[in-house]
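Undergrad: Each chain, letter by letter, is given below.
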Amino acid sequence: MAQDAYFDIDQRVRNTLARVFHLSAAEIGGDLRMGHSPFWDSMGHMQLLIELEKEFSLTFPTYEIAELLSTEAIIKTVEKYVQDRLPG
Amino acid sequence: MDLLRNSISGIDFLFLIPVLVCIAASALVGLLPKLRSRYGLLTISLLATVGVYRRAILGYVLINLVTYLFVLGLDRIPSSSQLQRQHRWRWSIAAMLVLVFVFLAGRYYQLETRPVSLGVTLFYFSLNMWALLRLITLLWEFGSGRVAKPSPLAFVTWLALPFTLIGPILRYSQFAQQLPLMYGPQRTEGIDSKEWWRKLFWATGQISLGLLLSGFQISLAGSANSLSRWEKVAISFSLTPWSFYLLWAGYFKFMEGLAMFWGLSLPPSFNRPFGRRNLSEFWANWNMTATSVFRDYFFYNRWGLAKVHLYLNTLIVFLMVGVWHGLNGYWVLWGLLHGIGFCAYLWYRTNKQRFAIWQHKILDAPLRLAAPLATYLYVCSCWFLPPTILKLIR
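Chains as they are written, first to last, in our numbering: chain A, -12 to 75; chain B, 21 to 414.
No lab work stands behind these hints: they were computed from the structure.
Do not take every clue at face value.
Now the in silico label distances, taken between C-beta atoms and shown as ranges [unchecked claim]:
(1) A:Glu14 with B:Phe294: 27 to 37 Å
(2) A:Asp18 with B:Leu51: 43 to 53 Å
(3) A:Glu42 with B:Asp32: 48 to 58 Å
(4) A:Glu14 with B:Arg292: 22 to 32 Å
(5) B:Leu259 with A:Glu51: 39 to 49 Å
(6) A:His23 with B:Lys411: 41 to 51 Å
(7) B:Leu62 with A:Asp18: 32 to 42 Å
(8) B:Leu82 with A:Arg(-1): 46 to 56 Å
(9) B:Pro407 with A:Ser11: 46 to 56 Å
(10) B:Ser248 with A:Ser57: 50 to 60 Å
(11) A:Asp(-3) with B:Arg96: 37 to 47 Å
(12) A:Pro25 with B:Phe294: 11 to 21 Å
(13) B:Leu383 with A:Gly17: 35 to 45 Å
(14) B:Arg25 with A:Leu56: 43 to 53 Å
Taking lysine-lysine pairs in the DSS-like style, the calculated list, with each CA pair at most 27 Å apart, reads [unchecked claim]:
(15) B:Lys327 with A:Lys41
(16) B:Lys252 with B:Lys411
(17) A:Lys63 with A:Lys41
(18) A:Lys63 with B:Lys327
(19) B:Lys169 with A:Lys67
(20) A:Lys41 with B:Lys372
(21) A:Lys41 with A:Lys67
(22) A:Lys63 with B:Lys169
(23) B:Lys327 with A:Lys67
(24) B:Lys327 with B:Lys372
Beta carbons: idealized from backbone N, C-alpha and C, even for Gly.
With the rest of the complex left out, here is chain A (with noise of 0.2 Å):
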């Protein structure tokens, strides 16, 4: 159940990731990172954290937007936040 609830989180993550990016399916796939496509710059980089947000209806620390540079910081930090957000 847990494992299904952090696929879930890896797959919206990436999915948002293709949306805000404009990525096929092949392309989101392994570690994407900032830079990797050129839509992935610092003004992408917030466009990404407003959808993230949106997303999974969370609020990311001020100091942390700099720091999910690559899918697998996101997912790692979605994670935390969402496990905090758990009863219990």
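Given chain A, work out where chain B should sit, using these hints.
TA: Structure of chain B alone, referenced to chain A:
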């Protein structure tokens, strides 16, 4: 020949002091292996700092000491729970604001020029643009929990590093990662390689050319009244940007090469910024260590609002960059012009589809060529236009 003589006479040779200090610092470590120790490097760093700051050393020590004491105080706040971490973060934000306020007050009241006599004449206040950014990165990284409390030795070595005294920015996290390597056996790896010599050669060339161009510009400024408006425009769009770029790109590259003697890897600062297709690309390649601090801390920020506002953030960041350069109308306008340009590009990028009608095989090539030229002209205009605008306002 006269042109060359005039250019040389206009050069500000004080710029070479930090260069010479850093050459001496690296040569000492290269020639005397015994100095490659914690206290050896610390001693050279302190001597280099005195050499660069000279009479402002008292002010430089004071501001850094106060900041370090604050970090020690901040460390007393426990950080095991989310609430405690937030508490520490808020205190570090407050400290950053105080630091910015002190920096601005120092500029406004020109505190850096007020001496105190202690046998020798010293200045009790010194917080230049690079020292401010460096301390802000420390407060940010420590307050957010990214780095642990620096030891006094690590802190002093970091703030007194000869290669970063007047830029570029080496964040404390980047420095702390490399600290063990500075005393390790691999510290001089890469020195004497073909690439290293090429880097130093280019950097020296850039500095020399930058100095000559700035000297030429200064000699021309002496006869500014006899220059026509178009000659002034030509200088602003050619000499001014290139002399500044070559000088500082060369200086930072030179520092990167020299820092390798200490086993340090400095992040790159300039990556051919002129000729980029838009303002976003220009800023991503211009003075990168400083720009990245503004981007990471102030552009990636929600400013206490529930939603991120890209246009607002853009204007805030460029106004801050402007004021960082100088607390006067010129730099505020410079920041505003860049902010407006960046917002326009942001708007264009978000609404690119509307311009699909312009995409045409015949038009594409000229547009591709026009984009770097337009970006270059806009960047130069931001340096050139503020005095004219200020005159119009007054």
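Undergrad: Determine for every hint whether it applies to the structure shown.
TA: Quick rundown of the hints versus the structure:
Under the hint 27 to 37 Å, the C-beta atoms of Glu14 of chain A and Phe294 of chain B, about 31 Å apart, fit the expected range. A hinted range of 43 to 53 Å holds for the C-beta pair Asp18 of chain A and Leu51 of chain B, which are about 44 Å apart. Checked against the hint of 48 to 58 Å, the C-beta distance between Glu42 of chain A and Asp32 of chain B comes to roughly 54 Å, which is consistent with it. About 28 Å separates the C-beta atoms of Glu14 of chain A and Arg292 of chain B, a value consistent with the hinted range of 22 to 32 Å.
The hinted window of 39 to 49 Å between Leu259 of chain B and Glu51 of chain A holds, with their beta carbons roughly 43 Å apart. Restraint check, His23 of chain A to Lys411 of chain B: a C-beta distance of roughly 47 Å satisfies the suggested window 41 to 51 Å. Checked against the hint of 32 to 42 Å, the pair Leu62 of chain B and Asp18 of chain A passes, with Cβ atoms roughly 39 Å apart. A C-beta distance of roughly 51 Å is found between Leu82 of chain B and Arg(-1) of chain A, which places it inside the suggested range of 46 to 56 Å.
Between Pro407 of chain B and Ser11 of chain A the CB atoms are about 50 Å apart, so this pair conforms to the stated range of 46 to 56 Å. Between Ser248 of chain B and Ser57 of chain A, the C-beta spacing of about 54 Å keeps the proposed range 50 to 60 Å intact. Checking the proposed 37 to 47 Å range against Asp(-3) of chain A and Arg96 of chain B shows it holds: the Cβ atoms sit about 39 Å from each other. About 20 Å separates the C-beta atoms of Pro25 of chain A and Phe294 of chain B, a value consistent with the hinted range of 11 to 21 Å.
Distance hint check for Leu383 of chain B and Gly17 of chain A: the Cβ-Cβ separation is about 37 Å, which falls inside the suggested range of 35 to 45 Å. Range check, Arg25 of chain B to Leu56 of chain A: about 51 Å between beta-carbon atoms, so the 43 to 53 Å window is met. Only pairs whose Cα atoms come within 27 Å are accepted, and Lys327 of chain B paired with Lys41 of chain A is accepted, the gap being roughly 10 Å. Taken as a hint, the Lys252 of chain B and Lys411 of chain B pair is honoured in the structure, with Cα atoms around 16 Å apart against an allowance of 27 Å.
Restraint check for Lys63 of chain A and Lys41 of chain A: satisfied, since their Cα atoms lie roughly 17 Å apart, inside the 27 Å limit. Of the supplied pair hints, the one linking Lys63 of chain A and Lys327 of chain B holds, its CA atoms being roughly 22 Å apart against a limit of 27 Å. Distance check on the hinted pair: Lys169 of chain B and Lys67 of chain A sit about 24 Å apart at the alpha-carbon level, within 27 Å; holds. For a cut-off of 27 Å, the pair hint linking Lys41 of chain A to Lys372 of chain B stands: about 23 Å separates their Cα positions.
Of the pairs offered as hints, the one joining Lys41 of chain A and Lys67 of chain A holds, with about 17 Å between alpha carbons and a cut-off of 27 Å not exceeded. For the hint pairing Lys63 of chain A with Lys169 of chain B, the CA-to-CA distance comes to about 25 Å; that is within 27 Å, so the pair holds. Proposed proximity of Lys327 of chain B and Lys67 of chain A is supported: the alpha carbons are some 21 Å apart, at most 27 Å. With a C-alpha separation of about 23 Å, the suggested pair Lys327 of chain B and Lys372 of chain B falls inside the 27 Å cut-off, and the hint holds.
When each numbered hint is compared with the structure, no violation occurs for any of them.
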